[in-house]
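Given the structure of chain Y, go ahead and fit chain L onto it with the hints provided.
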Amino acid sequence: MDLSVSFAGLTLKNPLLTASGTFGYGLEFVDYGDLRELGGIVVKGTSLTPRQGNPMPRVAETPAGMLNAIGLQNPGVETFLTDYLPRLPWRETAVIVNIYACDAAEFGELAGILAVEEGVAALEVNISCPNVKAGGIAFGQDPLMAAQVTEAVKKRAGNKPVIVKLSPNVTDIAALARACEVAGADALSLINTVSGMAVDVRRRKPRLANVIGGLSGPAIKPVALRCLHQARGAVKIPLIGMGGIASAEDVLEFILVGAHAVQIGTANFLRPDMSFRIARELPGACACFCVDSWESFRGSLIVEKG
Amino acid sequence: MMLRPRAFALEPLWARPFSIYALTPKTISFFIQVAGRGTAVLAGLEPGAPLTVWGPLGNAFAVEPEVRTLILAGGVGIAPFAAYAKSHPEPSRLSLVFGCRPPVAAYPYKEIAGIAAAEHFRERGPGDIETFIALLGERIRAFRDGLILACGPQPFLLTVKRLAREHGARLQISLENRMACGVGACLGCVTKAKVAGDSPEQAFANVQVCTKGPVFWADQIHLEGEEPWT
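For the record, the sequence lines run as chains Y and L. Quick note on numbering: this note's numbering labels position 203 of the first sequence as 203, and the sequence is numbered without any gaps. Quick note on numbering: this note's numbering labels position 151 of the second sequence as 151, and the sequence is numbered without any gaps.
Looking at chain Y on its own, in the form it has when it is part of the complex (with noise of 0.2 Å):
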């Protein structure tokens, strides 16, 4: 079958996105197969000016799972332009740049350098975060602030699409959705990490130096597919699904609940070539599941009402 997909302005040569924190800038895996296989890569969280993260710990493992609380550490959006852009093959692989700052001007500001890049095919807004939080509250909890950020950055992204990516850690991810479509995003991405904590009892301290962090990984794909699942009632704006995607079938899933696209995040982390090889199973687990096409078979979930 074909597995391109477009939506959003996008045309990808597969739905297989890698997730913003779990795959660079894609040259770190160059050795591990070739980055044109992939549909997209959304490159490490993306500031104005460059970061240095958070202490370390940074990370703990947890079952099924694991906590990072990176503090999206990167080298600031020059360096990522001059130094990393034109190293991807840009041309064949969609490289959408995740986004993060402190308030909407400087959202918008990020929006407009990135907006005349050619090699920059869309953005997607971290609003989720749940490391780094400006004025104690994180943008992605607040519809009114998510609705703020998506208008700023549409405002100044040109022709780029705007994907506004999610936090699971709210009480009414519907409500979240539908004030970033009102705002004018192009597509919604989710779930980013959700909230946790763990301890070492022995030490008697936290596990992580931030104390609390994002728990990733197959840990947490349930609670992806349910945010996924309620997302899809609530907007018509094209969603991107991931949390804890491992294998072809976890890819089917995420379409089949209303995905366009999937990103993989924490399995990159089980074997580097992760993603690649999902990329060439996805063709055999098509035909094992009697997919004929993803229109016919995105969000064609079955539920008995009653």
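Hints listed in this document are in silico derivations from the structure and should not be mistaken for laboratory results. The structure displayed is predicted, hence computed values, not measured ones. Cβ coordinates follow ideal geometry from the N, Cα and C atoms, glycine included. You may find that some hints are simply not true.
[Unchecked claim] Derived pair list, reagent style DMTMM-like, types lysine to aspartate or glutamate, alpha-carbon separation capped at 25 Å:
#1 Y:Lys205 with L:Glu227
#2 L:Lys26 with Y:Asp31
#3 L:Lys161 with L:Glu176
[Said to hold, decoys possible] Quick look at which bits of chain L chain Y covers, simulated, 3 or more residues with Cβ under 8 Å:
#4 10 to 17
#5 169 to 182
#6 186 to 194
[Unchecked claim] A short, non-exhaustive set of chain L residues, derived as facing chain Y with CB atoms under 8 Å:
#7 Arg4
#8 Thr52
#9 Cys100
Coordinates of chain L only, in the frame set by chain Y:
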């Protein structure tokens, strides 16, 4: 190298990083101390059990054949030095000081002692640590014009680094930070390292131990538990 047995399934999630203990054209060997769930599973693998392996990651200890070289190893930190000693072009210039708590026979000490000058010290009770630190100080002073290489637990590395600084000795240390991806992507294993910068805030950066290390010149990094740079 990163090792992830198929037996991990989804738990433990991450591969585990190890130095290469021995290498032949057909085999690669690791010297593993069981320290938790991951190493326990690895230690229990049957011959032929499938593993995902990637690497080697990052760099290695300096080899300076013309320079007298002192190896300081604490516990399982001795693992990378067996192959180092065997492949060194001038093993007569190598010396090893090894410290441990379990019997020395539990470690690949003898195979290094067969090549290089070697001495070992076993901690058995109170006061032994002070004696060992005094010994380390003497040996480091004796090699202050040479090259010193160290691998071992964090308190050991802190002590060795302090002593090397006191004696003005050149020291490389290998770090064992917790790692997730092993390819430099996750930024979970970083250490503070000196970089060229214009201001004091830019004088260090968090660099990946998996790809930029694990071996660093001691005066170029800031260890956990060390006084901040002045």
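Verification of the supplied hints:
no. : hint                   : result
1   : Y:Lys205 with L:Glu227 : holds, 21 Å
2   : L:Lys26 with Y:Asp31   : holds, 22 Å
3   : L:Lys161 with L:Glu176 : holds, 15 Å
4   : 10 to 17               : holds (count 6)
5   : 169 to 182             : holds (count 5)
6   : 186 to 194             : holds (count 6)
7   : Arg4                   : holds, 7 Å
8   : Thr52                  : holds, 5 Å
9   : Cys100                 : violated, 22 Å
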